[in-house]
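Quick mapping for you: the protein sequence lines, in order, are chains Y and L.
Under our numbering, the letters of the first sequence match residues 1 to 112, in that order.
Under our numbering, the letters of the second sequence match residues 1 to 114, in that order.
Since the hints were derived computationally from the structure, they do not count as laboratory data.
Note that the Cβ used here is the ideal one computed from N, Cα and C, for glycine as well.
A hint or two may mislead.
To be verified - Listed next, with one range per pair, are the computed distances between beta-carbon atoms:
#: 1; chain 1: L; residue 1: P39; chain 2: Y; residue 2: D27; range: 21 to 31 Å
#: 2; chain 1: L; residue 1: R100; chain 2: Y; residue 2: G59; range: 18 to 28 Å
#: 3; chain 1: Y; residue 1: Y94; chain 2: L; residue 2: P39; range: 27 to 37 Å
#: 4; chain 1: L; residue 1: K71; chain 2: Y; residue 2: P112; range: 40 to 50 Å
#: 5; chain 1: L; residue 1: T114; chain 2: Y; residue 2: G59; range: 40 to 50 Å
#: 6; chain 1: L; residue 1: E17; chain 2: Y; residue 2: E57; range: 46 to 56 Å
#: 7; chain 1: Y; residue 1: G29; chain 2: L; residue 2: D28; range: 19 to 29 Å
#: 8; chain 1: L; residue 1: E72; chain 2: Y; residue 2: E3; range: 29 to 39 Å
#: 9; chain 1: Y; residue 1: Y39; chain 2: L; residue 2: T86; range: 16 to 26 Å
#: 10; chain 1: Y; residue 1: D58; chain 2: L; residue 2: D28; range: 22 to 32 Å
#: 11; chain 1: Y; residue 1: N66; chain 2: L; residue 2: S80; range: 45 to 55 Å
Claimed, not checked - Residues on chain Y that point at chain L, a partial pick, calculated with CB under 7 Å:
#: 12; residue: F34
#: 13; residue: P44
#: 14; residue: Q104
So you can see what is in the structure, the chains are spelled out below.
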Amino acid sequence: QKEVEQNSGPLSVPEGAIASLNCTYSDRGSQSFFWYRQYSGKSPELIMSIYSNGDKEDGRFTAQLNKASQYVSLLIRDSQPSDSATYLCAVVEYNQGGKLIFGQGTELSVKP
Amino acid sequence: DVKVTQSSRYLVKRTGEKVFLECVQDMDHENMFWYRQDPGLGLRLIYFSYDVKMKEKGDIPEGYSVSREKKERFSLILESTSTNQTSMYLCASTPATSGRIGQYFGPGTRLTVT
Numbered sequence: 001q002k003e004v005e006q007n008s009g010p011l012s013v014p015e016g017a018i019a020s021l022n023c024t025y026s027d028r029g030s031q032s033f034f035w036y037r038q039y040s041g042k043s044p045e046l047i048m049s050i051y052s053n054g055d056k057e058d059g060r061f062t063a064q065l066n067k068a069s070q071y072v073s074l075l076i077r078d079s080q081p082s083d084s085a086t087y088l089c090a091v092v093e094y095n096q097g098g099k100l101i102f103g104q105g106t107e108l109s110v111k112p
Numbered sequence: 001d002v003k004v005t006q007s008s009r010y011l012v013k014r015t016g017e018k019v020f021l022e023c024v025q026d027m028d029h030e031n032m033f034w035y036r037q038d039p040g041l042g043l044r045l046i047y048f049s050y051d052v053k054m055k056e057k058g059d060i061p062e063g064y065s066v067s068r069e070k071k072e073r074f075s076l077i078l079e080s081t082s083t084n085q086t087s088m089y090l091c092a093s094t095p096a097t098s099g100r101i102g103q104y105f106g107p108g109t110r111l112t113v114t
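Just need the whole structure built from these sequences, with the hints factored in.
Here is the structure:
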């Protein structure tokens, strides 16, 4: 059974701090990884993608990938209350045409 | 921007009624997916489709069927609803070469079966 594991949280950080969200996956063949943000009652929104080992930065967001350790993370710098949401890690299932395996999500709360 | 739309945001149905949820995407994506999302259970894949008239079962297909007569449209059918089908239903799409693009979600339909 291919799995994606995330801490459910809630993760609480003060405004302006760095929030660190982590994800591990079981399928060594996975090549593409995504982070989604989901506000309460809304649908998931794609915010980051990463395919190569190392870091990928986009504004206040940095995705990190370590394929040897089967580990993906998302850092949110200068966290804002508007970042409070559930963050879903998703991994493309190898050779399955875009089919994603989702983690359960980590709830982030940014306190003013 | 990719746009995925779903026919209803909220639906309330009685047990045994038929429900037809429609999803339309405007980006010529080949692959389309139906999920349900429940607290504590996360996103679960019901059915997906790689092309017109093609469908594949996901992890929880029981009690559901799908139809894809046109590339842009993927419908989820609940022939006879039950209370355990109360959930948020989410449609998503992605291009065929999507290994590096991810899925784009519609706004969701919150279905309540009483």
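These are the hints, each one checked on the structure:
Between P39 (chain L) and D27 (chain Y) the CB atoms are about 26 Å apart, so this pair conforms to the stated range of 21 to 31 Å. Our hint of 18 to 28 Å for R100 (chain L) and G59 (chain Y) holds, since their Cβ atoms are close to 20 Å apart. One distance hint, 27 to 37 Å for the beta-carbon pair Y94 (chain Y) and P39 (chain L), holds here, with the actual separation near 29 Å. Evaluation of the 40 to 50 Å hint for K71 (chain L) and P112 (chain Y) yields a pass: the beta carbon distance comes to about 46 Å.
Restraint check, T114 (chain L) to G59 (chain Y): a C-beta distance of roughly 44 Å satisfies the suggested window 40 to 50 Å. The beta-carbon spacing between E17 (chain L) and E57 (chain Y), approximately 49 Å, falls within the hinted interval of 46 to 56 Å. Taken as a hint, the range 19 to 29 Å holds for the pair G29 (chain Y) and D28 (chain L), whose Cβ atoms sit roughly 28 Å apart. Range check, E72 (chain L) to E3 (chain Y): Cβ separation about 33 Å, and the 29 to 39 Å hint holds.
For Y39 (chain Y) and T86 (chain L), the hinted distance range of 16 to 26 Å is satisfied, since their beta carbons lie about 21 Å from each other. Taking the beta carbon of each, D58 (chain Y) and D28 (chain L) are about 25 Å apart, inside 22 to 32 Å as hinted. Separated by about 47 Å at the C-beta atoms, N66 (chain Y) and S80 (chain L) satisfy the suggested range of 45 to 55 Å. A hinted interface residue such as F34 (chain Y) counts as satisfied when its beta carbon comes closer than 7 Å to some beta carbon of chain L; here the least separation is about 4 Å, so the hint holds.
With 7 Å as the threshold, the beta carbon of P44 (chain Y) comes within range of chain L, its nearest partner Cβ sitting at about 5 Å, so the hint holds. Given the 7 Å rule on beta carbons, the hint for Q104 (chain Y) holds: about 5 Å separates it from the nearest Cβ of chain L.
Violation of the numbered hints given earlier is absent; every hint is satisfied by the structure.
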